[in-house]
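Trainee: If you're matching them up, the sequences are chains A and B in order.
Start counting the first sequence at 38; every next residue gets the next number (our numbering).
Start counting the second sequence at 38; every next residue gets the next number (our numbering).
Certain hints may be false.
Note that the list lumps identical chains together, so a pair holds whenever it fits in one copy or between two copies.
Said to hold, decoys possible - Quick list of in silico lysine-lysine cross-link-like pairs, DSS-like style, CA-CA up to 30 Å:
(1) Lys64 to Lys135
(2) Lys95 to Lys146
(3) Lys157 to Lys95
(4) Lys95 to Lys73
(5) Lys64 to Lys146
Hints listed in this document are in silico derivations from the structure and should not be mistaken for laboratory results.
2 protein chains.
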Amino acid sequence: MSIFTGLSSFVLTPMNEQRIDESSFSKLIQRLANAKVDSMGVMGSTGNYAYLSREERKRVLELAVDAADGVPLITSIGAVRTRQVLELAEDAQKVGAKALLLAPVSYQKLREEEVWALYKTVCANISVPLCIYDTPSTTQFVFSDELHTRLAQLPNVAAIKLPGVPSIPADERLATERIARLRQLIPDHVAIGISHDIRVAPGLNGGCDVWFSVLGGLFPRMCQDMVEMARSGQHEQLTAASETLAPLWSLFEQYGDLRVTATLASMLGLTAVDNLPLPLRPLDAPAAAQLEAIIPLLY
Amino acid sequence: MSIFTGLSSFVLTPMNEQRIDESSFSKLIQRLANAKVDSMGVMGSTGNYAYLSREERKRVLELAVDAADGVPLITSIGAVRTRQVLELAEDAQKVGAKALLLAPVSYQKLREEEVWALYKTVCANISVPLCIYDTPSTTQFVFSDELHTRLAQLPNVAAIKLPGVPSIPADERLATERIARLRQLIPDHVAIGISHDIRVAPGLNGGCDVWFSVLGGLFPRMCQDMVEMARSGQHEQLTAASETLAPLWSLFEQYGDLRVTATLASMLGLTAVDNLPLPLRPLDAPAAAQLEAIIPLLY
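Kindly produce the complete structure, drawing on both the sequences and the hints.
Mentor: What follows is the structure in structure tokens.
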């Protein structure tokens, strides 16, 4: 079965200006292993891959493999230079990642033909499945459906991680149509995943195969329940469950899911308060108070 | 006199997948030294700072100091982590940069208070002038006038590098008003610079103190002439000179000034054809043909 199915829990890499908090990181991984999530995303955007050196990324992945108890790991190989991406792909495969995640990371926003050439080169040089990481909020690059279609034919491409915003409309009927349209354009073996938690209901109810979840990195059981609702056709229940979390989604929209999740992790006592690389900061006091009020909704 | 005056020529760092082309780089610097430009921007966006390691950035700056014949050098210390920025600032000052350039580089788009804290920390830890590098096309961060005003009060802040697009309107009257408004908000000793060559006429005619020029990295004499037109009040001549370059500005808009300039450098025989880090590519053949037709306009 594809690794790109069900709940893929994306986990923080807690760090401060001195070091990576290895022991907290390993505990975060163990919690997810205990919950038996379908897969884990290590050093995705939530895991701050873009803030770590090659050596640090290798080390964090080694820690994850040690703590994951066999749950398959997906990791990002994104970097601004193609040669760095190839090095990271080699490291990740050696250490034991079961799949790779690649966004068109850039300083100079990339052109469509540059993105195509990047993926073509990488796909010819790896031997594990790759997920196209469509994340315009960090890369500024907007994939056309035509480019997704071309990329989905490349060897080793096994999934597309769609941004909830703006790719998946909040309206469930429109989301279903949008996902069905993309489904028709790409081979059957290529999974479609939803990544912004805020759009989990239209995404999973609309036919996505996998939920790449930030919230699932801290609350795996709740997120597994939501995936199960979609799987068993309880679409209205999933919609209602997501609506219950509206105050959380509102913070995600205002502050970004990374800052909210990092603050949540420290509130839950899972990491120190300083867990993000400067200049990134956790929530300010008023937002943290709002977040604290939401914790009883989560499990 | 401030280093932020007149023509600041931004220079390519030619490189391929194997190495930095040190000898071509040194020659590019020597050409600018011979033209006696007011300053040089080494490893700005045009110099691909974001694609180089700390060690490479130090090495390139050393080469520039050796070849610059006393022309003062400005260099970028931008990086995604505050601690990297501090390290780069230390390296740059030790090697001999006369001023630093800092953009709020990010993977996760920064919030206003994060940007403020970044600049505050950096300004407290340097001893040379700093230029605020406002470049939303690469950082996604949009500076408010209020933030510029706060930042301009920090110790060591000596200039603001404004993006031509969208900050400087193409309409010269509106550009003059916009620059005058910002001028009133910031201390007199803080220079205002224009960075997108495409807006050089509204920028310099509108009162900018310095032109941070990509074209000036290859055609310093032509750009010095344009600066002199603004200085001596020949505003209509500058507008006309810029209008003559409309076909070039059109390529800048469509392909980005970096790709156009890199292609120009190789066409002029100043670098090898491969001079950009993958996945960045030079112009495709039809655009290169258009560019070739423009060369007779340049000197």
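Trainee: For the identical chains here, do Lys64 and Lys135 meet the 30 Å Cα criterion within one copy, between copies, both, or neither?
Mentor: within (21 Å within a copy, 47 Å between copies)
Trainee: Checking Lys157 and Lys95: alpha-carbon separation at most 30 Å within a copy, between copies, both or neither?
Mentor: within (24 Å within a copy, 32 Å between copies)
Trainee: How would you classify Lys64 and Lys146 at a CA-CA limit of 30 Å: within, between, both, or neither?
Mentor: This pair counts as between: shortest inter-copy Cα distance 28 Å, intra-copy 37 Å.
Trainee: Can you tell me if Lys95 and Lys73 fall within 30 Å by alpha carbon in one copy, between copies, both or neither?
Mentor: Cα proximity of Lys95 and Lys73: one copy only (24 Å, versus 47 Å across).
Trainee: Classify it for me, Lys95 with Lys146: is the Cα-Cα distance of at most 30 Å met within a copy, between copies, both or neither?
Mentor: both (27 Å within a copy, 25 Å between copies)
No hint from the list above goes unmet by this structure.
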